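Asker: Okay, here's what each chain looks like letter by letter:
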Amino acid sequence: MEGGRISHPIGGRTVIDKLAGDPSLCLATLVLLLLWLAARIGPRKFRVFPGLDGEKAADTLLRVVCGFLLVGASLDKLGNAAKFSEAVGNYQVLASSLVPLAGVVIPWLEFFAGISLALGVKRRGAAFLFCVLMLVYAFSLSWALAHGIELNCSCFDSDSNETATWLTVLRDVLFLAMGFIAWTSPKTYAALGDD
Amino acid sequence: MEPHGGPDRRGLTESRDRRDKAKTDGVTMAPRRSQDILKKVPPGSRPLFWKKSFRQAWDLLLFSAALAVLFNLLFPYGIELKTPAPKGHGLMDSLKTRRASGAVSYAGFKPFPDRPRVSATPTPLPGEAEDVVRLSLSGAKNRFDRNSSIFLDARPPEEYKEGHIPGALNFYADDFDQAAPQVLPLLPDKNKEIIAYCHGSGCELSILLARRLANLGYVHVKVFFGGWPQWKAAGYPIRSGEEP
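If you read the sequences in order, they're chains F and R.
Note that our numbering gives residue 55 to position 55 of the first sequence, counting from 1, and the numbers run on in steps of one.
Note that our numbering gives residue 1098 to position 98 of the second sequence, counting from 1, and the numbers run on in steps of one.
These are calculated hints, taken from the structure and not from any lab test.
Computed from a predicted model, the values in this text were never measured in an experiment.
Positions of the beta carbon are idealized from the N, C-alpha and C atoms, including for glycine.
Take these hints with a grain of salt, some might be off.
Claimed, not checked - Have a look at the derived ranges for each label pair, beta carbon to beta carbon:
id, chain 1, residue 1, chain 2, residue 2, range
1, F, Ala146, R, Pro1237, 22 to 30 Å
2, F, Val132, R, Pro1181, 48 to 56 Å
3, F, Val31, R, Ser1138, 45 to 53 Å
4, F, Ser97, R, Lys1051, 26 to 34 Å
5, F, Leu135, R, Lys1051, 14 to 22 Å
6, R, Pro1229, F, Ile41, 20 to 28 Å
7, R, Ser1148, F, Phe139, 52 to 60 Å
8, R, Lys1192, F, Ala146, 15 to 23 Å
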């Protein structure tokens, strides 16, 4: 090991990293938001299913996507509190005494809020939590980036080699927009519980 | 006849009439709030939007937190919630009074402290470097411009002589015990921010140095992963020779 060289911990992105990368997710979220906008302001004659309320269907789509996003983000962290705590600590935003608690609670909160959103049970509360989480993530990332701290987002995969950038912040803001729509929409389809 | 107070009062008057009639008939009526009647909100309607959101969110939060703590207690790889996590220049930390004594750094952070049930946890590999705070090029340059941090060059002395960041002290990580007596006296303040760097992102010397310093009680140790190659490529000031 001449000069102590090792493999680059940040480089070498995998295919999954690329697919779940910030540009792809930003683009997908933008497309979803545009679809929602089209359903809201588009002329009625262009609507594909005559019996379906386009606005309500678009709200439902966003709600379910938000739910799956949260569940997907939580799965890797659920049994890996130590690693996630380190990731939370690396943001250097939270008080150090709160970091372990956040590392334990946040993945479960994401999981249950995601399930609630996807199933439409306690939808308003879950969507509100989604918005709060996205706001916190966007703020924390901005704080870290503004202070020159280089970190892995650890948003979906704690082993991801992807370094957080301002595009990650934009992604979180777009997610926040989706969550806000899911929160404020009056009614959605396929809601199992009290909507 | 128009009731007193205009048309908006009609609902209240009607309600009072129905209530009086119910009282005479011996029927119990659910109380209705006057603002509901004025807004023509049917009885038993859903609570306010905000109230409902907060209540549901609070339920979910409590449920998740309770289950998370329980799972953490039962799960063999659970972490110690009372353990102070690594202390840094956090937003909330900076609001508190900084205390030097007993502070724990990121590099010394042990996710599984002295609890027997987590003793089998694998330690991170040296290359993973998840336990050190990394700085970007801009972060390192900002600190260099502000002269707010001490830069430590973890490369061998020969490479340090060829070129280094101005002001950086040479502290070859592989010869830590040999270099420590010369360099550590120059780092008396354990709260001062220290930035270690080496050959670049493929180098582990800076990580090793950061961990050793953190174990010695240095609180704010960070690693500039881009290191010397990135600094040099950016055209930032450099210096050669033995002098910092």
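Asker: All the hints need checking, so say for each whether the structure fits it.
Answerer: Hint-by-hint comparison with the structure:
The hinted range of 22 to 30 Å is satisfied by Ala146(F) and Pro1237(R), whose Cβ atoms lie roughly 23 Å apart. The hint said 48 to 56 Å for the Cβ distance between Val132(F) and Pro1181(R), and at roughly 51 Å that hint holds. For the hinted restraint 45 to 53 Å between Val31(F) and Ser1138(R), the CB-CB distance of approximately 32 Å leaves it violated. The beta-carbon spacing between Ser97(F) and Lys1051(R), approximately 32 Å, falls within the hinted interval of 26 to 34 Å.
Our hint of 14 to 22 Å for Leu135(F) and Lys1051(R) holds, since their Cβ atoms are close to 20 Å apart. At roughly 52 Å, the beta carbons of Pro1229(R) and Ile41(F) sit outside the given window of 20 to 28 Å. Take Ser1148(R) and Phe139(F): their Cβ atoms lie about 24 Å apart, and the range 52 to 60 Å is violated. At roughly 21 Å, the beta carbons of Lys1192(R) and Ala146(F) sit within the given window of 15 to 23 Å.
Comparing the model with each earlier hint shows violations of hints 3, 6 and 7; every other hint is respected.
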